[in-house]
Amino acid sequence: MIIMKNEERKNENETSEKNNKELPFEIDRRSVYKCVQCGTCRSVCPVFDAVGWESANTRGRMLIIKSLLEGRPPSEDVLPSLASCTTCGICSAKCPAGANPPEVVEAARAQLVKCGVTTEAQENLKSAVITYGNSFGETKDRKHWLSETERSKLPKKSEYVYFVGCFDSYRYPEFAKKTFGILQRFGVTLLPDEQCCASPLLRTGFKEDAEKVMKHNLDQIKKVGAHTIITSCAGCYTTLKNNYPEELRVISLPEFLAEHLEELNLKKLDFTVTYHDPCHLGRHNKVYDAPRKVIQAICTLKEMKNIKENARCCGGGGGVRIGYPDISLELARNRLQDVPEGVDYIVTSCPLCVRNLRDAGGNIEVIDIVELVAMAIE
Amino acid sequence: MDITTELRKIVGNRLSVSPSELYCYSSDASQVKGMPDYVVRPKSTEEVSRIVRLAYENEIPVTARGAGTGLAGGAVPVGGGIVLDMSGMNRILEIDIDNIQVVVEPGVIQDALNDALKPYGFFFPPNPGSSAMCTLGGMIAYNASGMRCVKYGTTRNYVRDLEVVLADGTVIHTGSKMLKSAAGYDLTQLIIGSEGTLGIVTKASLKIVPLPKTRKLVIASFENAEIAGQAVVKTFSNGVIPSACEILDRVSLQVLKRYDPNLVLPSEGDVLLFEVDGTESSAREAAEQIMKVCAPIAISISLAESEKEMADIWAARKLVGAAVSRLDPTKSRIYVGEDVGVPIKQIPELLKRVQEIAEKFDLPAMKYGHIGDGNLHLALFIDVLNKDEWDRLNKAADLVHRTAIELGGTVSSEHGVGAARAEYMKAQWGPALEVMRAIKKTLDPKGILNPGKLGL
Chain A
1 MIIMKNEERK NENETSEKNN KELPFEIDRR SVYKCVQCGT CRSVCPVFDA VGWESANTRG
61 RMLIIKSLLE GRPPSEDVLP SLASCTTCGI CSAKCPAGAN PPEVVEAARA QLVKCGVTTE
121 AQENLKSAVI TYGNSFGETK DRKHWLSETE RSKLPKKSEY VYFVGCFDSY RYPEFAKKTF
181 GILQRFGVTL LPDEQCCASP LLRTGFKEDA EKVMKHNLDQ IKKVGAHTII TSCAGCYTTL
241 KNNYPEELRV ISLPEFLAEH LEELNLKKLD FTVTYHDPCH LGRHNKVYDA PRKVIQAICT
301 LKEMKNIKEN ARCCGGGGGV RIGYPDISLE LARNRLQDVP EGVDYIVTSC PLCVRNLRDA
361 GGNIEVIDIV ELVAMAIE
Chain B
1 MDITTELRKI VGNRLSVSPS ELYCYSSDAS QVKGMPDYVV RPKSTEEVSR IVRLAYENEI
61 PVTARGAGTG LAGGAVPVGG GIVLDMSGMN RILEIDIDNI QVVVEPGVIQ DALNDALKPY
121 GFFFPPNPGS SAMCTLGGMI AYNASGMRCV KYGTTRNYVR DLEVVLADGT VIHTGSKMLK
181 SAAGYDLTQL IIGSEGTLGI VTKASLKIVP LPKTRKLVIA SFENAEIAGQ AVVKTFSNGV
241 IPSACEILDR VSLQVLKRYD PNLVLPSEGD VLLFEVDGTE SSAREAAEQI MKVCAPIAIS
301 ISLAESEKEM ADIWAARKLV GAAVSRLDPT KSRIYVGEDV GVPIKQIPEL LKRVQEIAEK
361 FDLPAMKYGH IGDGNLHLAL FIDVLNKDEW DRLNKAADLV HRTAIELGGT VSSEHGVGAA
421 RAEYMKAQWG PALEVMRAIK KTLDPKGILN PGKLGL
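First to last, the sequence lines map onto chains A and B. For the first sequence, the working numbering gives the first residue as 1, with consecutive numbering after it. For the second sequence, the working numbering gives the first residue as 1, with consecutive numbering after it.
These aren't lab readings, by the way, just hints derived from the structure by calculation. Being a predicted model, the structure only gives us computed values, none of them experimental. Check each hint, because a few of them may be wrong.
To be verified - Only part of the chain B face toward chain A is listed, based on derived beta-carbon distances under 8 Å:
no. : residue
1   : 41
2   : 325
3   : 330
Said to hold, decoys possible - Restricting the straight-line Cα-Cα distance to at most 20 Å, the calculated cross-link-like pairs of lysine to any residue (SDA-like) are:
no. : chain 1 : residue 1 : chain 2 : residue 2
4   : A       : 222       : A       : 159
5   : A       : 308       : B       : 327
6   : A       : 94        : B       : 327
7   : A       : 308       : A       : 267
8   : A       : 94        : B       : 316
9   : A       : 212       : A       : 159
10  : B       : 331       : A       : 154
11  : A       : 94        : B       : 119
12  : A       : 305       : B       : 119
13  : A       : 94        : B       : 224
14  : A       : 305       : B       : 308
15  : B       : 118       : B       : 311
16  : B       : 331       : A       : 159
17  : B       : 257       : A       : 71
18  : A       : 66        : A       : 124
19  : B       : 257       : B       : 224
20  : B       : 33        : A       : 67
21  : B       : 118       : B       : 79
22  : B       : 387       : A       : 159
23  : A       : 305       : A       : 264
24  : B       : 318       : B       : 119
25  : B       : 387       : A       : 71
26  : A       : 94        : B       : 118
27  : A       : 94        : B       : 306
28  : A       : 94        : B       : 94
In this text, a Cβ means the ideal position worked out from N, Cα and C, and glycines have one as well.
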């Protein structure tokens with residue numbers, strides 16, 4: 001694990017403090033001063049648990065943001081703290097004062113971007129999304145997982161669209177295939193030219209760039225005439241639901257599956273699984289019951305040690321995996337400790353969680369909920 | 001000598017001088033501020049000893065810190081220097097059920113210790129509201145306690161032995177695993193509550209007690225806080241010692257209901273929570289007696305017996321202090337004047353005077369606390385962006401502290417003095433403060449250990 005090498009950065013910081021652009025750091029003060037520094041977040045912040053320094057804890061982040069509001073010049077020195085929050089939101093769920101730190105951290109990241117204070121990883125991510133329309137900088141067609149014939153047969157108009165997301169398009173095309181295979185039965189189509197949902201930009205502070213990408217996707221949605229977007233990525237889900245215009249109806253794949261259980265005609269499978277709640281599906285949007293309903297329609301569910309509102313983050317979100325991979329994977333390893341004995345699979349419903357939990361190297365296979373459903377259909 | 005290089009030789013990359021990191025260690029949960037020059041996270045007694053010796057030789061202040069949940073600035077380095085973040089020394093070294101004690105490092109979290117003890121049927125009773133994150137080292141340094149103090153006492157009652165690093169780096173033990181000792185001064189008791197001004201605790205042997213078979217909770221509401229205070233006095237004088245006895249005034253009730261609308265709490269009046277524990281029959285008998293004593297002056301009385309109902313009420317109660325902004329998002333609770341205590345008989349008078357003070361300065365107030373041991377947690381809340389409200393707040397807090405002393409009480413019952421209440425030490429202790437100063441001078445002649453605290 002990399003402990004933030006704070007001291008090594010000191011000289012570098014002194015220089016950047018002098019050089020930073022003289023732009024004001026503005027943020028809703030009340031949202032920051034809501035934090036009364038009680039330290040309750042110390043007991044839950046997963047990054048703090050892995051790193052140990054106060055700056056890696058929510059309270060530390062709120063303090064650093066306070067210091068910037070009170071006139072400390074923004075410099076790269078703040079990045080190991082502010083860029084290492086996964087925005088998992090467990091601090092908000094536990095905060096007695098009702099503060100919403102992930103929102104404050106994202107607002108602060110946007111201000112830092114405005115002041116020209118960013119990490120290299122952040123810049124690379126932005127450039128990939130802006131240049132290639134996906135967070136990996138992939139150049140191949142986003143629908144490469146469909147044959148040319150399949151692509152040509154896609155309905156041009158539909159009320160329902162499957163928003164595939166960068167992860168399923170480029171890292172887990174088998175998830176995309178399985179998901180679309182199911183959704184096609186219900187007349188769902190794809191966007192002609194889907195781009196990244198803008199989550200990576202929003203989470204890491206590039207608000208203006210995010211607006212452009214979101215506008216592109218919205219135009220595409222209008223073109224298709226869809227009123228409902230279905231997505232299987234928790235990151236895409238929370239972004240489409242909470243950052244896109246309100247009139248858009250957004251549902252997650254587990255919600256869609258739960259609504260159509262009878263039509264899916266699933267067979268029972270004789271094994272036991274556990275379920276990891278993705279933060280951006282669970283805590284941020286309270287989708288707890290739908291995935292459980294789907295799982296229980298297929299096999300036995302044995303819950304993890306911390307679930308739903310108390311579920312620990314896998315470390316995959318908030319730009320932490322790309323910026324601080326060692327911390328990110330330590331979070332995933334910590335999460336695997338919550339897995340109960342005697343389960344055959346760890347099921348989740350977010351490709352970022354799948355990747356992180358798989359990369360953490362446990363001995364129980366991690367699968368997406370769509371894979372479980374596909375097993376029950378086959 | 002380059003202190004950074006020397007510290008690095010001792011702790012490697014567990015040293016930080018990054019401005020952002022230092023800023024994070026410049027405050028705790030109080031309003032006290034002070035910027036450190038170095039933060040180190042030691043892992044062993046030997047490292048602490050070497051750091052303190054280095055500081056001693058170079059006359060650099062050293063401030064120990066646990067989870068930084070303190071409410072008096074005790075862990076804030078008001079004189080700069082080195083902050084020792086002890087939270088990484090968090091191993092439970094021994095659970096010795098035969099001797100009914102545990103040996104812990106100071107960074108162990110209170111709840112983590114109790115989670116580890118539960119399978120054995122034992123617990124460590126002092127339970128501050130911050131038990132989910134506060135460290136045992138901090139609890140020892142501030143003689144912390146909590147809701148069950150009324151029956152089980154404070155941290156002071158549970159420490160058998162301490163390993164302490166003195167100002168020059170010498171390591172001593174203050175006791176042993178023995179239940180009692182008649183040999184010499186009780187240095188254990190001297191170190192407890194000394195707020196890191198006499199030495200740094202690096203290990204502790206703590207007494208543990210069996211978990212009670214059952215707990216029950218009597219919830220009674222009264223027309224006003226003064227009458228509730230009278231009910232407490234009457235309960236004690238009738239020979240019942242509850243395991244917890246808490247007051248929640250009507251504002252606190254509103255806050256709690258906003259925090260968790262499903263809580264089973266009365267909808268009107270000021271409320272007392274009496275917890276009793278023991279065997280099924282002894283707890284029932286005590287609960288019934290409390291209900292009988294309170295009946296003539298209460299508006300309503302009920303009994304909670306389900307584990308979940310009680311656990312929910314206690315969990316919410318623990319967080320009430322910080323939850324006030326649920327009532328009005330523009331207001332924040334500021335921890336000043338929040339920990340006064342008076343003899344139990346003076347509680348009704350304290351409640352009356354405190355209310356008058358809040359009204360005089362036109363500040364919304366929430367009154368809650370461990371009324372069973374005379375400890376009132378007054379929560380004054382303000383708009384932190386309003387300077388005038390800050391001024392009125394500080395004046396009100398000053399008056400609250402002076403009122404407690406006047407009633408024969410203390411400016412701090414369990415949170416400590418730190419820097420926040422240092423100015424009242426003379427008024428509370430008179431010439432006894434000089435004795436404390438003499439002890440400090442003997443044990444820390446260069447004044448490097450947590451300077452600026454305790455009014456020393």
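Hint check results:
| no. | hint | result |
| --- | --- | --- |
| 1 | 41 | holds, 6 Å |
| 2 | 325 | holds, 5 Å |
| 3 | 330 | holds, 7 Å |
| 4 | A:222 x A:159 | holds, 10 Å |
| 5 | A:308 x B:327 | violated, 26 Å |
| 6 | A:94 x B:327 | holds, 17 Å |
| 7 | A:308 x A:267 | violated, 26 Å |
| 8 | A:94 x B:316 | holds, 11 Å |
| 9 | A:212 x A:159 | violated, 24 Å |
| 10 | B:331 x A:154 | violated, 55 Å |
| 11 | A:94 x B:119 | violated, 26 Å |
| 12 | A:305 x B:119 | holds, 17 Å |
| 13 | A:94 x B:224 | violated, 31 Å |
| 14 | A:305 x B:308 | holds, 18 Å |
| 15 | B:118 x B:311 | holds, 16 Å |
| 16 | B:331 x A:159 | violated, 46 Å |
| 17 | B:257 x A:71 | violated, 38 Å |
| 18 | A:66 x A:124 | violated, 28 Å |
| 19 | B:257 x B:224 | holds, 19 Å |
| 20 | B:33 x A:67 | holds, 12 Å |
| 21 | B:118 x B:79 | violated, 41 Å |
| 22 | B:387 x A:159 | violated, 55 Å |
| 23 | A:305 x A:264 | violated, 30 Å |
| 24 | B:318 x B:119 | violated, 24 Å |
| 25 | B:387 x A:71 | holds, 18 Å |
| 26 | A:94 x B:118 | violated, 24 Å |
| 27 | A:94 x B:306 | violated, 23 Å |
| 28 | A:94 x B:94 | violated, 31 Å |
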